[in-house]
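**Student:** Now for the letters of each chain:
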Amino acid sequence: MISIHQLHKSFGKNHILKGIDLAFEKPGIIAVLGPNGSGKTTLIKSILGMVLPSAGELKIGNQNIKNQWQYRQKIAYLPQIARFPDNLTVRELLNMIKDLRGKSEDEAGLIDLFELGPHLKSRLGNLSGGTRQKVNLVLTFMYDCPIIILDEPTAGLDPISLVKLKELIEYQRSIGKTILITTHVMSLVEELADEVVYLLEGHIHFRGSLTTLKETYHETSVERAIASLLERQKGKLEFSSNGHQAYIPAFVHPSSFIVHR
Amino acid sequence: MATKPTFQPSFILHHSSFIVDLIVMLKILKYSFYDLIRSRWTYIYCAFYLLFTLSLLWLSNDLSKVVISLMNVVLLLCPLIATMFGVMYYYNSREFTELLLAQPIKRTSIFLGQYLGVAGSLSASWLIGTGVPFILYGVFGSAQAGNFLMLALIGVALSFIFSALAFLIALKNENRIKGFGLAIVVWLFFAVVYDGFLLLALSYFSDYPLEKFSLAASMLNPIDLSRILILLKLDISALMGFTGAVFRKFIGTGMGMAVSVLVLAVWAILPAWGIGRVAMKKDF
Numbered sequence: 392m393i394s395i396h397q398l399h400k401s402f403g404k405n406h407i408l409k410g411i412d413l414a415f416e417k418p419g420i421i422a423v424l425g426p427n428g429s430g431k432t433t434l435i436k437s438i439l440g441m442v443l444p445s446a447g448e449l450k451i452g453n454q455n456i457k458n459q460w461q462y463r464q465k466i467a468y469l470p471q472i473a474r475f476p477d478n479l480t481v482r483e484l485l486n487m488i489k490d491l492r493g494k495s496e497d498e499a500g501l502i503d504l505f506e507l508g509p510h511l512k513s514r515l516g517n518l519s520g521g522t523r524q525k526v527n528l529v530l531t532f533m534y535d536c537p538i539i540i541l542d543e544p545t546a547g548l549d550p551i552s553l554v555k556l557k558e559l560i561e562y563q564r565s566i567g568k569t570i571l572i573t574t575h576v577m578s579l580v581e582e583l584a585d586e587v588v589y590l591l592e593g594h595i596h597f598r599g600s601l602t603t604l605k606e607t608y609h610e611t612s613v614e615r616a617i618a619s620l621l622e623r624q625k626g627k628l629e630f631s632s633n634g635h636q637a638y639i640p641a642f643v644h645p646s647s648f649i650v651h652r
Numbered sequence: 008m009a010t011k012p013t014f015q016p017s018f019i020l021h022h023s024s025f026i027v028d029l030i031v032m033l034k035i036l037k038y039s040f041y042d043l044i045r046s047r048w049t050y051i052y053c054a055f056y057l058l059f060t061l062s063l064l065w066l067s068n069d070l071s072k073v074v075i076s077l078m079n080v081v082l083l084l085c086p087l088i089a090t091m092f093g094v095m096y097y098y099n100s101r102e103f104t105e106l107l108l109a110q111p112i113k114r115t116s117i118f119l120g121q122y123l124g125v126a127g128s129l130s131a132s133w134l135i136g137t138g139v140p141f142i143l144y145g146v147f148g149s150a151q152a153g154n155f156l157m158l159a160l161i162g163v164a165l166s167f168i169f170s171a172l173a174f175l176i177a178l179k180n181e182n183r184i185k186g187f188g189l190a191i192v193v194w195l196f197f198a199v200v201y202d203g204f205l206l207l208a209l210s211y212f213s214d215y216p217l218e219k220f221s222l223a224a225s226m227l228n229p230i231d232l233s234r235i236l237i238l239l240k241l242d243i244s245a246l247m248g249f250t251g252a253v254f255r256k257f258i259g260t261g262m263g264m265a266v267s268v269l270v271l272a273v274w275a276i277l278p279a280w281g282i283g284r285v286a287m288k289k290d291f
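From first to last, the protein sequence lines are chains A and B. Using the numbering used here, count along the first sequence one by one with no gaps and you end on 652. Using the numbering used here, count along the second sequence one by one with no gaps and you end on 291.
Just so you know, the hints here were simulated from the structure itself, not pulled from any lab data. Positions of the beta carbon are idealized from the N, C-alpha and C atoms, including for glycine. Among these hints, one or two may not hold up.
Restraint ranges, calculated between C-beta atoms of paired labels, are given here [stated by the list, open to error]: (1) B/71 x A/457: 56 to 62 Å; (2) B/101 x A/417: 32 to 38 Å; (3) B/268 x A/447: 20 to 26 Å; (4) A/396 x B/29: 30 to 36 Å.
Below, computed lysine-lysine pairings styled on DSS-like, alpha-carbon distance capped at 25 Å [said to hold, decoys possible]: (5) A/489 x B/113; (6) B/113 x A/465; (7) A/404 x B/113; (8) B/113 x A/494; (9) A/489 x B/34; (10) A/494 x B/179; (11) A/512 x B/179; (12) A/450 x B/185; (13) A/404 x B/34; (14) B/219 x B/113; (15) A/450 x B/113.
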């Protein structure tokens, strides 16, 4: 479905992606993980054609996507920050996307699912962050696309909506979608992901199933496995200014330390 | 992967052609326009023109004087507001633009649609704000109808030109502060600084024949060009200044107006073309 060959991307002198080779053939949920600045978002945006690769080749369903836009018909994308034109109502926004993309089958069901009915006539500028994220989710899932890309899908959601979202993602998997998720919430990865792709400094550092990940690093949870993955990579993590080592509690996501390296 | 034959795109999206791009662009334009005409600032802008024109008409019963007074305001205010609105709209809708970029549509359609939405709503404010009082006053029965229409056209042209320049600047600069500052500098340059330099040059080289130079120089500034255009239309030699007189002398009133309108159109089309080009090469 998606195949990436020797993908490089630099922003000025900043080399973000350094030769990514990836292919997703089978449907399933793939968690794209990595510390801040490791190139997750750049990778996703390259697939969407929002970031133009410096070198390399990207194919969606055997079609090279360079200078193409029709292929995006096959991709549903949930952006990280949900911001819409302030003065349009939710209804108008949904109509706009339908106007651009064609009719949607699932729209009404999704609006019910996320209880957006009462907000349809509200202006987007007046909605809370969580409600806006729900609108974002409806926009993403209202088209039946073989590829779904979710960038931090849980941001700002209340527990009820979170459960609904997880069910929705699982349903999408069951009907044969390829779903890419980036997140910092490890419990979500543990619950949903079939496969993990771990990016570190522009390279793919690890790719495999959750079980392989845990077995490789002899850990019982994804969180700990990733912590020891990072530790092996770096030797021991040092993050205080005078070089003292410190204990990283398991509940802190190790990626938060990498930036201060 | 089992591809399900279930996505039901509107059939037109499968055929890439100029017409399709145009339709998509018009759709983006429509929604940007909807968004903007509900913004408080659009109303304030419109209300300002409404009040200003009404009070001018009330204070002076001479329509041509009102047209001249309005001209002096529109030559500075339309570019300024268009510049600010253009930059602000681009930066404020950046995240939403990202959502649009992920849709199966062409980049140029998105940005040109948004630009035309901004320029369109500004023009609407201007046309309503000045048009309603003039029409109520009965401008279309008077001899001033043509002059008023020229003024209206210039307001629209300046809104289109400067919002295009602003969009282009914003698109080129990721940093909001830098983009905003640069756009204001561009406005300041065309509205104030340019004339100063031109005047300096004209007085410094006054021993030389400067007709062609000043003709060319005024073509390079859309605000100057607009001023000349409206003064040619009003046919007030006293206000025309050197360049206006040169225009009339060299190419005649009719031809001078035609040339100015044409150059103004180029001034709107060039940055719009730039928007399309820059958008194609940019990372978001």
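**Student:** Against the structure, test the hints numbered earlier, and report the numbers of the ones violated in rising order.
**Tutor:** 3, 7, 10, 11, 12, 13 and 14
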